[in-house]
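Chemist: In order, the protein sequences belong to chains A and X.
For what it's worth, this note's numbering labels the leading residue of the first sequence as 1, then goes sequentially.
For what it's worth, this note's numbering labels the leading residue of the second sequence as 1, then goes sequentially.
Treat the hints with care, since some could be wrong.
Stated by the list, open to error - Cβ-Cβ distance ranges computed for the label pairs, FRET-style: (1) D121/X / K623/A: 52 to 58 Å; (2) P116/X / A373/A: 44 to 50 Å; (3) G390/A / P74/X: 48 to 54 Å; (4) D121/X / L630/A: 43 to 49 Å; (5) D121/X / Q633/A: 36 to 42 Å; (6) L397/A / G135/X: 56 to 62 Å; (7) M30/X / S102/A: 52 to 58 Å.
Unchecked claim - With a cut-off of at most 25 Å between alpha-carbon atoms, the simulated SDA-like pairs for lysine to any residue come out as follows: (8) K88/X / E353/A; (9) K88/X / R701/A; (10) K448/A / R58/X; (11) K88/X / H207/A; (12) K88/X / T614/A; (13) K88/X / G404/A; (14) K448/A / A60/X; (15) K128/X / E14/X; (16) K448/A / G404/A; (17) K88/X / D356/A; (18) K448/A / K128/X; (19) K448/A / E626/A; (20) K448/A / E14/X; (21) K128/X / L358/A; (22) K88/X / P352/A; (23) K88/X / R354/A.
Source of the hints: derived by calculation from the structure; they are not laboratory data.
Bear in mind that the values here come from a model prediction, so they are computed numbers and not experimental data.
The beta-carbon is built from N, C-alpha and C at its ideal position, and this holds for glycine as well.
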Amino acid sequence: MDEFEEIKATFFQECDELLADLESGLLAMESGGRDPETVNAVFRAVHSVKGGAGAFGLEPLVRYAHVFETLMDEIRAGRIEAETDLVRVLLRAADVLADHVSAARTNGQADDAASAAMVAELEAWTRGEAAATPAEAVAPAADDEDDFGFKPAAVSFDFDTPAPAAAATWRVTFTPSPALYAKANEPGLLLRELARLGTVTAELDDHQIPPLDALDPEGAYLTWHVTLATAADETAIREVFEFVDGDCDLHIEREGAASSSCDVDISALLAAAQAAPGEPALPQAVTAPDDIDISALLAAAKADVAQDPPAASPAPAAPPIARADPAAAKAAPARPAASESQVPQSTIRVDPERIDRLIDLVGELVINQAMLAQRVAAHGFAPSSDISMGLDELEQLTRAIQDGVMAIRAQPVKSVFQRMPRLVREVASQTRKQARLIMEGEGTEVDKTVIERLSDPITHMLRNALDHGLESPEERIAAGKAAEGTVRLAALHRSGRIVIEVQDDGAGINRPRVRQIAIDKGLIAPDATLTDDETDNLIFLPGFSTASQVSDISGRGVGMDVVRRSVQALGGRISIASRPGEGSTFTLSLPLTLAVLDGMVVDVAGQTLVVPLTAIVESLRPKTGEVRALGPQGAVLAVRDTFVRLIDIGCALGFRDTAIRPDEGVVLLIESEDGSRFALVADAIQGQRQVVIKSLEANYRQVDGIAAATILGDGRVALIIDVDALVAVRREPSRSPEPLSFAAE
Amino acid sequence: MSEPLTHTTSDRRELIAFCIGEQEYAVDIMSVREIRGWSPATPLPQTPDYMRGVINLRGAVLPIMDLAARLGLPVNELSARSVIIVVKVGERLIGLLVDAVSDILSITEDLVQPTPDVACDRVRSFVKGLISMDGRMISEIALERLLPELETLAA
Chain A
1 MDEFEEIKAT FFQECDELLA DLESGLLAME SGGRDPETVN AVFRAVHSVK
51 GGAGAFGLEP LVRYAHVFET LMDEIRAGRI EAETDLVRVL LRAADVLADH
101 VSAARTNGQA DDAASAAMVA ELEAWTRGEA AATPAEAVAP AADDEDDFGF
151 KPAAVSFDFD TPAPAAAATW RVTFTPSPAL YAKANEPGLL LRELARLGTV
201 TAELDDHQIP PLDALDPEGA YLTWHVTLAT AADETAIREV FEFVDGDCDL
251 HIEREGAASS SCDVDISALL AAAQAAPGEP ALPQAVTAPD DIDISALLAA
301 AKADVAQDPP AASPAPAAPP IARADPAAAK AAPARPAASE SQVPQSTIRV
351 DPERIDRLID LVGELVINQA MLAQRVAAHG FAPSSDISMG LDELEQLTRA
401 IQDGVMAIRA QPVKSVFQRM PRLVREVASQ TRKQARLIME GEGTEVDKTV
451 IERLSDPITH MLRNALDHGL ESPEERIAAG KAAEGTVRLA ALHRSGRIVI
501 EVQDDGAGIN RPRVRQIAID KGLIAPDATL TDDETDNLIF LPGFSTASQV
551 SDISGRGVGM DVVRRSVQAL GGRISIASRP GEGSTFTLSL PLTLAVLDGM
601 VVDVAGQTLV VPLTAIVESL RPKTGEVRAL GPQGAVLAVR DTFVRLIDIG
651 CALGFRDTAI RPDEGVVLLI ESEDGSRFAL VADAIQGQRQ VVIKSLEANY
701 RQVDGIAAAT ILGDGRVALI IDVDALVAVR REPSRSPEPL SFAAE
Chain X
1 MSEPLTHTTS DRRELIAFCI GEQEYAVDIM SVREIRGWSP ATPLPQTPDY
51 MRGVINLRGA VLPIMDLAAR LGLPVNELSA RSVIIVVKVG ERLIGLLVDA
101 VSDILSITED LVQPTPDVAC DRVRSFVKGL ISMDGRMISE IALERLLPEL
151 ETLAA
């Protein structure tokens, strides 16, 4: 990856953060937070995406973001009120922006139709039309195909220069001050940005450069005279220089403007433009005053007076609007000050590989420390001796370091949660249901390894809640509920695990129907007696799907059994609680990290192995009478009147040929993922321990019957048994000992 | 920075030579990460006999291949001189168990001869070429072919 690509990758990372800010800002606005700070944050997010995209020449993204930004600017200036309908539109606009970003990231193509429809909608709002006819404006986005009628509006980017749509010639004089260079701004980039607006003829004025001996190396001596032919208005031109505002001397002048009034107007225009960069009506002070007055009046009438008093000041129909605007300039400084007061949280970006390496090393440190302690103990030092006390301190330090390093990898679940509002919006519109998503505990932290795997189960549970849980608005009203359903997504820590809850206030599980389906599919006997809980849990059985037709929403052809299996693969559990008429709650509980596992350390055929504790129901020492032979080699164990299959771990893994007598060893009663039980026979149990999971695949490959490896206190590698795979291995007695390797030779 | 000397020797490369029984083999020094003494490996189930198991390499799980067994040579008893040469093949680290490290060779490509037809198929697929030096014959190992099952899985 060359340097440019690296910077670009950083830009996209920033985009992810900006889009997240955008979404949370809009959600705050949706729930009533219309304070200037929130609106500003939303504007800044869109603006920064656009700015970055411009630097990388991502044209479609820039064009779209510009339209979005223009509308946000109108809202920011208080000319358009951020009513709920508009915020919903903005939320969808944010989704489209995210699509554009991901399209740009993969060099792909964004959905043009959806984008054009959204552009049309945003522009309509910007013109203040959509407020009057919301249905018309919303329609195109609802149906991507039928929006071409709106296309003419989509291409007209000159909406904020109502009168002169044709290209005009501008003279821009740009003199950077030393501060501009000190802030690492680059005039070349600004000029390039300017060139994107139209045809540019730039002239460098280097008359100010002093003789070499008088030259201050950090001084600024250059001036550019740029002639720009563009259809864009002054606002757009000023926007180019927005980031260097105050660090340069900038004059923008329209060629052919009445020269007599020019001198007066320019300063007023400058003041106005600086106060409100998005102010649309500047050049028209000269050209078409009447049009502007109407829009100004409209804006003033709409503006929330308490929120933005200056917007009301143009209301007296003063013909030269430029004169009215300095009032805004005076009142405006409060706004930038407010935005500056928000100090960004200081973070650093670190390659995850470095953290993983650190975790490996700390793991090694823990092992080393344990070894040292063992050896010191073996030499018979008293616990009160200096060396033993020093070791105790070392142990505490080591644990503290380990906790600290693990905390680096811990991330708030927000990164997963923030994708969900969009999902809910989309699924709700597809299923024609009304749903509100409430999220709680987004700050709950969990290890990176778990975060990555949370997304799928949560997505699935949410889809399920919307598709199967919530009723249609009509049904809800008939049942005496609000038309809009509520889905709650919450994360919390509970006894060393992370718990994710997805709760809906829908109809709850239709137990008679679930039961009937289970009987029809042969999952239960027709006369089976099931408790309500047992009935509810039927939906987790493989081959169960309640939707009479497989919808692509909760489906993708995947049932809840797949969710349960993937959750169990992470050492987690999923459960459901449902009340008819009141809704259902899915509860997902996962370990906080996949880097560490609670295991039972056992001896088998001279080897030390680890069995995941989550799989073990109980461990027992069978009495002679409880083991019964079955067939030539098989054996079963009687556990409270049921017979479970006995599997000798040593034989299953090929460490020995003949099984030991189960009554001489220890039996671990296991419940596998499909709920069936079997018993594993080990020679002895060493104890229960938390072990750090190490991948075998990193340097070798997957081994049947082995989930991963770990390193024990003595520094040796121990294998972690994959109990479910062990059963599968055991079922294929005719396996060849060397499956692949020599076939190739 | 580069001195002229570097240019004249740029076609030279260095190999680490080691013994398996009476024979000498070598690997390119650039793929060698470290050389360490033998420590007992944890055997892996369901693996070919030339895989001795896995050991702990500073927190990573390192598979150990008995190179003698892989080449179809008689497997010698482990001795105090037995060493593990940790090599990087692609993205993976693998430990090669050999009897002893014997030498570091600096060679030019013209010293490497193709493997003659007489060798058996297995040896020929694992040996890149033969190097004649001071009356000794040293076979250079083709590391990437040592783990065919990895390629099969990757494909």
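Chemist: Flag every earlier hint the structure violates by its number, smallest first.
Modeler: The structure conflicts with hints 2, 7, 11, 12, 13, 18, 19, 20 and 21, although it agrees with all the remaining ones.
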